[in-house]
Amino acid sequence: MEKILAQAKQVAEEAEVFMVSAEETPVQFEANCLKHIQSKQSNYAALRIIRKGRIGYAITTELGDRQNLVDAAIETAEFGTIAKFEFPSLTVYPRIKVFDPDIESVSLEEMIKLGEELINTVKGHTQDILCEAEVTKGTISTRIINSRGGKVSYRQSIFALGIGGQLIHDTNMLFVGESQSSCHPTIKAENIARVVLQQLELAKNRASMPSKPLPVIFTPNGVVSALVPPLMAAFNGKMVLQGASPIGNRLGELVFDENLSLCDDSTIAYCPESRPSDDEGTPSQRTPLIQQGAIASFIYDLQTAALTHTRSTGNGSRNNGGLPTPTPSAFIITPGNTSFDEMVNDIKEGLVIEQLMGAEQGNILGGDFSGNVLLGYKIESGKIVGRVKNTMVSGNVYQALKQITAIGSDAKWVGGSVNTPSIYCPSLSVASK
Amino acid sequence: MANTQTIAHQLAEILSKYHADYIEAHIEESQTSHITYRGRELESIGKTTSVGGNVRALVSSGWGFTSFNSFSDLPRRVELAVEQARLAGSKENKLALVAPVVDTILTTTNNNPVTMPLAEKKQLLDQYNDIIWKTPKIQTSIIAYGDSFKKTIFLSSLGSYIEQDRSDIALRLAAVATEDSEVQQVGLSLGSRGDFDKVTSLHHQVEQMAQHAVELLSAPQVKGGEYTVVLDPVLAGVFVHEAFGHLSESDFVYENEQLRDIMTLGRKFGSSELNIVDDATIPGLRGSYKYDDEGVPAAKTYLVKEGKLVGRLHSRETAARMNEMPTGNARAINYRYPPIVRMTNTYIEPRAASFEDLIGDIKEGIYAKNWYGGTTSMEMFTFSAGEAYMIRDGKLAEPVRPVTLTGNVFTTLANIDAIADDLDMNQGGGCGKGGQVPLPVSNGSPHIRIRHCLVGGR
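Protein sequences, first through last, are from chains A and B. So the first sequence is residues 2 to 434, counted in my numbering. So the second sequence is residues 104 to 561, counted in my numbering.
What the hints contain is simulated information worked out from the structure, not anything from laboratory work. Heads up, some of the hints might be wrong.
BS3-like cross-link-like pairs, simulated, lysine-lysine; straight-line CA separation at most 25 Å [what the hints assert, rightly or not]: (1) A:Lys-403 x B:Lys-326; (2) A:Lys-36 x B:Lys-197; (3) B:Lys-326 x A:Lys-213; (4) B:Lys-393 x B:Lys-403.
Incomplete in silico selection of chain A near chain B, CB under 7 Å [as the list claims (entries may be wrong)]: (5) Ala-59; (6) Tyr-94; (7) Arg-207; (8) Leu-366; (9) Met-393; (10) Ala-432.
Don't be surprised by glycine CBs; every beta carbon is placed ideally from N, CA and C.
Construct the complete structure from the given sequences, taking the supplied hints into account.
Put into structure tokens, the structure is as follows:
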């Protein structure tokens, strides 16, 4: 790694080497039975140089082949973007706990047992259900060094448990599921099973929906499937820089309901999105994005921040090994003080959305979402009466979150990257047949 | 650079020393380059080289799989895959018999887009970007170009040894228009089997794309509800992929008794006009190949013929478990993943109607074109159009905001009541399944008309 840097420094003004090596072991169950056990080893090095003021970039898995890597970086630097930033010269970083040494001692047999326990609990409730499940453990080592003396390295552990179940009666299908991830290898099967069993209970009866504007409660899973993707695009500093974010020029303005607060946080201990530094050596931080309804900040990497005359928020991530680009870490929506049951009790006729399929396919930049209610329930006179099907819900995040009837006290992690309560919107367009 | 043939020969030797019901290995060497623009400026340009491999072993019904790009301890990788398979296996193994194949299919022409000078690629993209930016009210543009050249060696304990190469180009352009706090975007997706010429003359299409994004700023949103919808070949291709293609993938079906009952061959899904095909043997399409990633020869498979279910897509395991013939549809996106059942080039066969016939007797309907995306839960699916127009009294009328359509596979296919004669294969798609995305596929269809289609809206 040091040799790559030294070789690159001979031909470029500045250089940075980013190296990842990862080991991952997924254990997969299919149709209620253990089916695949895998182990995946990978490593790669990415070289970013600044040559004649321009950025060059190349990646290889052939760590010994330094000349080719440097040559490819030089070739791309000829056309690269003009670098507006300097690599950080830091060598001391915040201590953020993301490695649990217990991960090493988790055996395949224990992982298999965990998956079986989860499936058996769900099957114990609904005999006919067919489940897929996955138990994964992994470790990732990341190192970054640059020509300004900056240096950071850390190791991360990842553990994840997830299940998806399907219940088929004739051509009528029901899909339920839940997953969690953490740096601790201690996720309990019963915590995941509880969510799935609740979904199965609520979906037991069928209910039909009218086509008209109705009040809608998004559960935490529902918030993530419908409302979070447009927000992630809108708060991306790059979108803001290009004027493509509808809220880009509204910093400080009240855009959302004043009870809504959102932050991006990569400092939470043992959260899979946490780390001491982002993928270009900027220390991790907690960044408020919405404070009581007002736009508080956007997320930046080094280059985008420099172009905007601001500081990086430590959100420079290399997705699939590409150049760093502003990417959310963990999104945290502040919980309110209304319980889920209180929200349901408040509605005469309405809808609970647990999963909106295809919502992220529309004009996300404009804030639009529109999707099929893959899992959702009808509310009649303050009670959930059954599952709805053949129903589409459409809306726009900026209208839907401008006036929120209530924010839930039921915040939870969805996957490992968003923590949100339920959100109760007074009226959204519902089309059903 | 590691020599992949040497590694393959070492692996072949090691495989013969281990006992499993079946073992296979893949060695892969790939190069890629990409150029992206966000706005006027180039955002990212880069090149990658990668070498890696995997070993997959079957013991009873259990699979073990190891992937790696360090080649220092190959015997241990094989041993680990076999141990894992032994731990996972419980039931009797079943794998469709195929003859061992020794073959080398390497592109004869110089067809590696990665080695083309970056300057040439950038020059073309600059032209497209200029066209987008010349359009008034355009706020920004997004252009993502990527190409790859990949050489794989497949070997198995049956004695197969297959060398294949594959080039691929994917290009996605989008224009974003804004006015006040309205933001609208229109995109264009293309691809080719490594042939750069296929993406060089899009100037007119790019101009139309940008103009349409601006038009949408003042376009109304449709009212949500049921409509008669006419789909263009691009969107109808996405529709057939989402609405039926995924349900034809036998790994969803083979261990699922209820789904097997529903997907009985002979079941009627559509009118007698409806034929749906998956065909990896068509030369030059992005989903084409000679052998799949289990060394099985590619095939043309009818999924629906005259409205009835007549076939499905298989890996060796799903074919054996369902007592059907393998179809050569096991594909992996790269060496880090085991092959799973995937589509290749999927399309609706053309019929006799014209576009005018399709819209002629529609009083109020929607003409939906182009795509943003699509997804399926098998029973229910959604797919979203990139452009949409009202149809009024048999004629195309005003543009409306892009729409999301949804349906139920068991009723929507039967609601296709007219199929045109203008089949077109779209090369811009990338399919995702089991975390393996984007896999090069193509989708196609003529214009089709669907009655009673549920459309989301205000």
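Right, here's what the structure says about each hint:
1. A:Lys-403 x B:Lys-326: Since the Cα atoms of Lys-403 of chain A and Lys-326 of chain B sit roughly 22 Å apart, the hinted pair holds (cutoff 25 Å).
2. A:Lys-36 x B:Lys-197: Since the Cα atoms of Lys-36 of chain A and Lys-197 of chain B sit roughly 13 Å apart, the hinted pair holds (cutoff 25 Å).
3. B:Lys-326 x A:Lys-213: Holds, at about 10 Å.
4. B:Lys-393 x B:Lys-403: holds (11 Å)
5. Ala-59: Nearest chain B Cβ about 5 Å off; hint holds.
6. Tyr-94: violated (26 Å)
7. Arg-207: Cβ of Arg-207 of chain A sits 14 Å from chain B, so the hint is violated.
8. Leu-366: OK, holds: Leu-366 of chain A within 7 Å of chain B, min 5 Å.
9. Met-393: holds (4 Å)
10. Ala-432: Holds - the Cβ of Ala-432 of chain A comes within 7 Å of chain B, reaching about 3 Å at its closest.
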